[in-house]
Amino acid sequence: MKYGEFVRRMPTGTAELRQRRGLWERLHIDPWLLMLLLALTTFGLVVLYSASGRSIDTLYRQGRFFLIAYCVMFVVAQFDLERIKRLAPWAYLGGFILIALVPLLGTHAKGARRWLNIGGFQFQPSEVMKLVVPMALAWYLSARILPPRFKHVLVALALIFVPTLLIAAQPDLGTSILIAASGCFVLFLAGLHWGYLAGAVAVLLAAAYPMWHFVLHDYQQQRILTMLDPEQDKLGAGWNIIQSKTAIGSGGFAGKGWLHGTQSHLDFLPEGHTDFIIAVLSEEWGLRGVMVLLAVYCLVIARGMWIAVHAQHCFGRLLAGSVVLTFCVYVFVNMGMVSGLLPVVGVPLPLISQGGTALVTLMVGFGLLMAIATEKRILIQ
Amino acid sequence: MAERLTLKDPYKEMRIFRVRILVSAVVILTLFGVLLYRYADLQVRQYEKYRTESDRNRVQLQPIPPRRGLIYDRNGLLLADNVPSYSLDIIKERAGDLEKTLDILRSILQIDDDDVEKFRDRLKDRRPYQPVPLKFRLTEEEIAVLAINRFRLPGVEVDAELVRSYPQGALFAHALGYVGRISEGELKRLDPVNYSGTHYMGKIGVERYYEEALHGKVGYQNVETNARGRVLRILERTDPIPGQDIQVYLDAHVQQVAQEALTEHLGAVVAIDPQTGGVIALVSNPSFDPNLFVTGISKAAYKELRDSPSMPLYNRALQGQYPPGSTVKPIYALAGLHYGVVTPSTRVPDPGWYQLPNDSRFYRDWKRGGHGGSVDLRQAVVESCDVYFYDLARKLTIDRMHDFMTEFGLGAATGIDNTNERGGLMPSREWKRSARKMAWFPGETLSVGIGQGYMLATPVQLAVAAATLANRGERFEPRLVQKVGDEPVHVPAAPRIQVSNPADWDVIIDAMEAVAHSERGTAKGIGRDSLYHIAGKTGSAQVVGYAQGIKYDASAVAKNKRDHALFIGFAPAENPQIVVAVVVENGEHGASMAAPIARKVFDAYLLDAEGRLRDGVQGIAPQNVRKIAPPSPADDVPEEEQQLE
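In the order they appear, the protein sequences are chains S and V. Residue numbering for the first sequence follows the numbering used here, beginning at 2 and increasing consecutively. Residue numbering for the second sequence follows the numbering used here, beginning at -13 and increasing consecutively.
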C-alpha cells in the first residue's frame, strides 16, 4: 500500500508523458472500446426493433436506457482508481447488507424475492454485487503478495461465496453464477495456484450429485432436464428451447431478413426481445449475423484484455480482467442456453437484450475499464 | 515474519497476470468456437430440418368444408336446409385449468354430464390449439351469457358453423333420413381428405344414399398462423365445390295429408307416380324429429325413441314386412289368365270354404256362406273371394305364383334410393327347401294364394307392384330423388312384363276399378263421391294364426294382435298418375281403415285446393259415366273382410 502511494506521488511531469495525454485520455474515454460499444448498442437497437414487433415505444425506452448507461459509464470513467479502490470494501459491506435485507424486505416477483424498494425506486442489490464483489476481491488481493497464499484464498472464497449463496437462495441462479464467476476470475487472474484450481474442479464434480438433490430447485432441475431432452415436453417446458432452436436453425446462413423472422413475429418465440434475442438475430440475420456479432464481442474482449494487461496497478489489472471475463460469461451462457447447449438461466445477451438494470451494470463495468485505461501512466513497460 | 519481509513484485505479478490472461483468451476462443460451431450446426447442417419446422409452425393447411347440398320437394319447397349453429368450443391450450373452466361453464349454462363425457371423447383426438366443441345449438341468451363471462373463460369460444336443419321436422324423417356427427368408426371408412373439414354426414335415408353428391368436394387454404393458432393471412386457397342440391319427387302437401290421414295409427303410406317411378309420398307413422340427431341426440332422448313401443325410428314403409293379404289377388288373377289356368268367365263354386283333395282341412272364406253359388274372376277380385283364389292357387302351383309375383317386384328389395330397405318374401319350393329344410305342403300354396302364409311384402313393394299393374307391365325402380344438381336421376325399368293376352290387363284393372266403384266392391266407400276413377284392392292380413273353426273376434283380441289393414290402388284408373299403398298396423279392415287413407292421398295429389280436378287429370265426366252402380246410402257400412285359416 505504501508502495502504491509512493508510485502515485512520483513526479510525472516529463514532457514526453504529457504530450501523450490526448483528448480521449483527458476525457477518460477509450475510443476503441467506445466505438465497439456504440456498434453493439446500435445493432442491438436494430435487432430489438424487430424482436419487439416494430415497437417504437420499446426502442425509445431502450434508447433512453442506453443514454443513461453511457452517462453512467462516462461518470464512472472519471473516477480516480485509487478512490474506487478505497471505496471497494465499503461498497462490499453496503451491498452485503442490502443482499441480507432482501429476504426480509424484498418484493415478490415470479416466485422469487430479488427486488428492493427504496423510496419508490426498485432495484436489484444482486446486480450491484456483480461489480462490487470483483472490486472487493481486487482490493483484497491487490494488497497481498501474489500469487495469494492459502489463507488469503480462503478469505477471498468467503468474500465471493457468502453473497453468492444468499443470492442463489433468492432464488436467482443466473446472477449468482455471474457473481461467483466474477469473483473467481479475480482469484484466477491474481495467480491462484493451478493445484487449487484442479482441486476446485474436482470438488465441483464431486458436489454435482448432492447439489442436484439438495440445492437445485425443482424448476432448475426441470430446466436442465429440458435442455437435455426438450422433445419430452413439447408444449410445456421444452417449448422455449424448441422454438428458439427452430428460430436459429431456420435462419440459415443468410437469414430471413430483418423484420422477416416468422418465429419471432408470429409469437412462436417467447422472450424474443429479452433473454432470447439472439434467436431473433440468428433467424433474421443468419449465421452471417451471428459471426459478425461474435467478432465484435471478440474485439470488445480483446480490447478489454489489452486494457487489463496495460493497467498501471494490480487492483486495476485484476478488476479489468474480471470485468472482461465476466462479459465473456454473459455472451457464452446466453448464446449457449438459447441454442440448447446450456440450461436456461436468466442471463441477457450483453448490450443487445432489452432491459435497463443489466445494461447499467455492464456499462459501469466498461466505465471502470475506461478509468483503468486512462489512468495516468507511470509504469514504463 | 518472513511474509512481511517479502515485497510485492509488480513485474512478477504482471507476468503472472499476462499468462493468466493468455490462458483465458485461449479458453474464451475455444468456447466461442464451440458457440460458432453450434450455431453453424443449427443454421447450416440442420437448416433444412429447422426451416421445415418453422414453416410447419406457421403455415397450416386448413380444409374448407363444402356447403352441403339442399333438398327440395317437387314444388321447390325446402326440406333440408343449412343453418348457422353456434357451438361452444374450448381450446385446451388456452383454457389453462380445464376443470375450472368446465365448472364455471356448468354454473352459467345448462351443461349435462352427457355433454361433458362426449367432449372428453372428442378431446382425445385433436391437434394442438384445435377447438373442441362442448355444446351445440347455443341460444342467443346463452351466447350473451358467455360474452359476459368471457373474461374469466380463456380458451372458450363461440363458433358458428352450418348444420343441417329440417324445417318440416318429423314429416320427412323416414323419407329423407338425417345427418349426424361423423363417428370414429365412420371416419375410418370415409375419404380422410375429402372429409377433413366436415363434421357431419348422412346417416340414413336420402341423406346417406346421396351422401357423395350432397357433400361436395373439400377446399383448402394455406394459412399463416401465429403461436396461438390465430390465422394472420391466407397464403393460397382452393375453393371447395359445394354439394349438389337435390330435388325429390316427394310432394310436401301429399306427404302431409298422408301423415295426417294415418292419425295415431301405426303404419305406412307410399305413393308413387307410375309414369316415372318417382315417390310422391313416403310416410311411416309414428315419425321423429330428425333435427334431434344432427348435433348429437342426448342419451335420454334417444333411449325414449328407441324403447318406445310404437317404434318411431323403425321405417315401416321400407322395413316393415307385412303379409300383403288380399291386395295381391289382382296379380294372382292376372297370373291365372296368363298361364291359362282360368279365363275371365271361369266360375268356381263358393260354399264359403275350400278343401284340397285328400285333405280334411277346411280353408274358409272370410265371408260366412260364401259369395253366392259360384264366382267368376271379376267378382272374386271385387268381393275379394278367398275360395276362388284358393282354387286358383292350387291350379297355378306355388312355383308359377313365385315366378309371376317376382316379376312385379315382390320378394326382392325394390332398389329405392334409400337405406335399410328390406326385401319381403315371396316363397317357393326352392326357398323352403333351402331356408327351412322342409318340403312344400299343398296347403301352404293356398295361404300364399290369399297373400298370407310365408308371404311378406313391404309397403314400398306393394306400391311398386300396384304401379306395375297401373303401367300394364312396366316396372320402375322407385326413386325419391328426381334431380341431383341439374342432372335428372335415371330410373331403371325392369323389362316389360309380357302376358299372353294384353287385353287381360284391362280385365284386371276393370275389376280393381269395380272394387271402388261397384255396389259389391269392398272399397266402394272411397269411390262413391270421387271425381275420378280409382282402381284398387283392399286387404287385411292376419297377425297371428287361429286354430281351425275359431271365429276371429276383434273385440276379444289384444290390439297389437288384431289384423293389419291394407290397400293398394291407383288413380285415375284410365290414366294412372298416382299409385298408393297403405298399411295400417292392427287397423283390422282394409276397406274402412286403409282405403280412406289412400283416397285422401289421391285427392291431395289429383285435386287442387278448391277440391277441383287438376289440369290433365282424367275425371268422371257426365258423358263418360261408366256402367257402375251409383253409390247408395244403405251401403255405408263397409263389409267385414277377414281371412280364416
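Derived by calculation from the structure, the hints in this document are not laboratory data. Misleading hints may appear alongside valid ones.
Just the calculated beta-carbon pair ranges, DEER-fashion [unchecked claim]:
{"no.": "1", "chain 1": "V", "residue 1": "89", "chain 2": "S", "residue 2": "43", "range": "34 to 40 Å"}
{"no.": "2", "chain 1": "V", "residue 1": "212", "chain 2": "S", "residue 2": "39", "range": "44 to 50 Å"}
{"no.": "3", "chain 1": "S", "residue 1": "109", "chain 2": "V", "residue 2": "82", "range": "18 to 24 Å"}
{"no.": "4", "chain 1": "V", "residue 1": "182", "chain 2": "S", "residue 2": "39", "range": "32 to 38 Å"}
{"no.": "5", "chain 1": "S", "residue 1": "109", "chain 2": "V", "residue 2": "89", "range": "27 to 33 Å"}
{"no.": "6", "chain 1": "V", "residue 1": "-6", "chain 2": "S", "residue 2": "203", "range": "28 to 34 Å"}
{"no.": "7", "chain 1": "V", "residue 1": "225", "chain 2": "S", "residue 2": "124", "range": "56 to 62 Å"}
{"no.": "8", "chain 1": "S", "residue 1": "205", "chain 2": "V", "residue 2": "108", "range": "47 to 53 Å"}
Quick list of in silico lysine-lysine cross-link-like pairs, DSS-like style, CA-CA up to 27 Å [to be verified]:
{"no.": "9", "chain 1": "V", "residue 1": "-2", "chain 2": "S", "residue 2": "152"}
{"no.": "10", "chain 1": "S", "residue 1": "152", "chain 2": "V", "residue 2": "78"}
{"no.": "11", "chain 1": "V", "residue 1": "285", "chain 2": "V", "residue 2": "78"}
{"no.": "12", "chain 1": "V", "residue 1": "104", "chain 2": "V", "residue 2": "-6"}
{"no.": "13", "chain 1": "V", "residue 1": "35", "chain 2": "V", "residue 2": "-2"}
{"no.": "14", "chain 1": "V", "residue 1": "86", "chain 2": "V", "residue 2": "110"}
Residues on chain V that point at chain S, a partial pick, calculated with CB under 8 Å [to be verified]:
{"no.": "15", "residue": "3"}
{"no.": "16", "residue": "6"}
{"no.": "17", "residue": "22"}
{"no.": "18", "residue": "213"}
{"no.": "19", "residue": "223"}
{"no.": "20", "residue": "545"}
In this text, all values refer to a predicted model and were calculated from it rather than measured experimentally. Glycine included, C-beta positions come from ideal geometry on N, C-alpha and C.
So, going through the hints one by one against the coordinates:
no., hint, result
1, V:89 <-> S:43: 34 to 40 Å, "violated (53 Å)"
2, V:212 <-> S:39: 44 to 50 Å, "violated (35 Å)"
3, S:109 <-> V:82: 18 to 24 Å, "holds (21 Å)"
4, V:182 <-> S:39: 32 to 38 Å, "violated (55 Å)"
5, S:109 <-> V:89: 27 to 33 Å, "holds (28 Å)"
6, V:-6 <-> S:203: 28 to 34 Å, "holds (31 Å)"
7, V:225 <-> S:124: 56 to 62 Å, "holds (59 Å)"
8, S:205 <-> V:108: 47 to 53 Å, "holds (52 Å)"
9, V:-2 <-> S:152, "holds (21 Å)"
10, S:152 <-> V:78, "violated (60 Å)"
11, V:285 <-> V:78, "holds (25 Å)"
12, V:104 <-> V:-6, "violated (83 Å)"
13, V:35 <-> V:-2, "violated (54 Å)"
14, V:86 <-> V:110, "holds (19 Å)"
15, 3, "holds (5 Å)"
16, 6, "holds (5 Å)"
17, 22, "holds (6 Å)"
18, 213, "holds (4 Å)"
19, 223, "violated (19 Å)"
20, 545, "violated (63 Å)"
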